[in-house]
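Going by the working numbering, the first residue of the sequence shown is number 10, and it counts up by one from there.
Hints in this document: simulated from the structure, not taken from any laboratory. The beta-carbon is built from N, C-alpha and C at its ideal position, and this holds for glycine as well. Errors might be hidden in some of the hints.
Straight line, CA to CA, 27 Å or less: simulated DSS-like cross-link-like pairs of lysine-lysine [what the hints assert, rightly or not]:
{"no.": "1", "residue 1": "Lys289", "residue 2": "Lys191"}
{"no.": "2", "residue 1": "Lys279", "residue 2": "Lys289"}
{"no.": "3", "residue 1": "Lys191", "residue 2": "Lys279"}
{"no.": "4", "residue 1": "Lys279", "residue 2": "Lys263"}
{"no.": "5", "residue 1": "Lys58", "residue 2": "Lys279"}
{"no.": "6", "residue 1": "Lys275", "residue 2": "Lys58"}
{"no.": "7", "residue 1": "Lys58", "residue 2": "Lys86"}
{"no.": "8", "residue 1": "Lys263", "residue 2": "Lys179"}
{"no.": "9", "residue 1": "Lys191", "residue 2": "Lys58"}
{"no.": "10", "residue 1": "Lys289", "residue 2": "Lys263"}
{"no.": "11", "residue 1": "Lys263", "residue 2": "Lys275"}
{"no.": "12", "residue 1": "Lys86", "residue 2": "Lys179"}
{"no.": "13", "residue 1": "Lys67", "residue 2": "Lys86"}
Label pairs and their in silico Cβ distance ranges [what the hints assert, rightly or not]:
{"no.": "14", "residue 1": "Ala87", "residue 2": "Leu219", "range": "26 to 34 Å"}
{"no.": "15", "residue 1": "Pro28", "residue 2": "His59", "range": "30 to 38 Å"}
{"no.": "16", "residue 1": "Cys111", "residue 2": "Arg84", "range": "28 to 36 Å"}
{"no.": "17", "residue 1": "Asp147", "residue 2": "Gln20", "range": "35 to 43 Å"}
{"no.": "18", "residue 1": "Leu267", "residue 2": "Met127", "range": "46 to 54 Å"}
{"no.": "19", "residue 1": "Arg276", "residue 2": "Ser57", "range": "16 to 24 Å"}
{"no.": "20", "residue 1": "Leu42", "residue 2": "Arg72", "range": "22 to 30 Å"}
{"no.": "21", "residue 1": "Arg65", "residue 2": "Arg200", "range": "17 to 25 Å"}
{"no.": "22", "residue 1": "Asp189", "residue 2": "Leu219", "range": "19 to 27 Å"}
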Amino acid sequence: MTDCRCLQVFQGTRVWYHPDWQADLGELGLAELDNWRVPVDVPPVSRSKHVIACYRIKLAGGRVIYYKRYDYRTRWKAALRFWLRPSKAAIEKWGYQRYQACGVDVPRTVAFGEARSMGLLRVAFIVTEEVPDTVSLDGFVAAGLPGIPADERVAQMSAFAGRLADTIHKAHSACLFHYDLKWRNILIQSRGGEYYPVIIDCPRAFVSRLRRRYGITADLSALARLAVSYLTLYQRYHFMAACLGGAVDSSTRKDWYLRVQRRLDKRPPKIISLQESPLKGVRFDRRS
10 MTDCRCLQVF QGTRVWYHPD WQADLGELGL AELDNWRVPV DVPPVSRSKH
60 VIACYRIKLA GGRVIYYKRY DYRTRWKAAL RFWLRPSKAA IEKWGYQRYQ
110 ACGVDVPRTV AFGEARSMGL LRVAFIVTEE VPDTVSLDGF VAAGLPGIPA
160 DERVAQMSAF AGRLADTIHK AHSACLFHYD LKWRNILIQS RGGEYYPVII
210 DCPRAFVSRL RRRYGITADL SALARLAVSY LTLYQRYHFM AACLGGAVDS
260 STRKDWYLRV QRRLDKRPPK IISLQESPLK GVRFDRRS
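Whole structure, please, built from the sequences with the hints as guidance.
Here you go:
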């Protein structure tokens with residue numbers, strides 16, 4: 010199985026396992042295409058109307074995985090978009106490798122599979138190891154930052170914001186773009202009393218120097234969609250500046266802010282009504 014953003018198989022079925030996980034994953038029977046639809050009898054943690062389903066599965070050995078499947082066997086028109094093009098599962102696997110190369114924390118890919126007929130995608134899957142002690146950033150903030158004492162919230166979340174800005178800056182410096190970098194696609198992980206970002210769910214990731222401006226705008230706009238409800242204008246502006254890095258001057262930062270705002274104006278985000286934001290007072294004006 011190649012490590013590029015490309016077609017993995019033209020005809021037939023290919024399955025790749027991480028060497029340390031093949032024995033544990035054997036119980037899912039992924040070598041058989043019929044088992045790709047639902048490998049075990051568990052409810053999905055998320056799904057689309059027709060194609061995508063994601064399952065959290067605890068294996069017999071105790072390890073926990075997320076199995077995400079893209080099934081186009083009854084959706085031929087949708088499958089045509091991936092004729093001779095990489096599947097979303099393949100792009101996600103590739104994207105995690107690129108993020109890791111940048112020093113960004115992501116889930117470990119432990120299995121991947123793709124089935125095609127004359128280049129036409131039928132079904133694909135990706136299996137990732139569960140990242141321990143994590144919760145999605147949107148859920149964590151909506152719940153009021155559970156587990157962080159009130160007198161530590163500003164310091165803890167300011168440190169997290171710095172780490173998140175540094176994570177985004179690393180990826181963008183490598184011309185790597187997520188293209189759906191919403192808060193739900195960022196996990197916040199507790200490690201030794203500190204909080205760290207983990208990037209997930211990147212089936213649309215791409216690398217391009219020529220489209221760098223577009224990629225940065227797309228990622229910062231996705232982050233801003235929920236930020237407009239929880240952060241002040243000052244916080245949002247300075248977090249954007251931290252993501253862009255210290256080499257960007259004031260005039261250029263303003264241009265970036267206006268570019269992001271114009272993208273948001275095309276499809277304005279829904280504003281959440283809050284008495285007080287749990288992120289009040291958090292500093293977003295520096296990277297770690």
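Original post:
Looking back at the hints listed earlier, which ones does the structure fail to meet?
Top reply: 12 and 13
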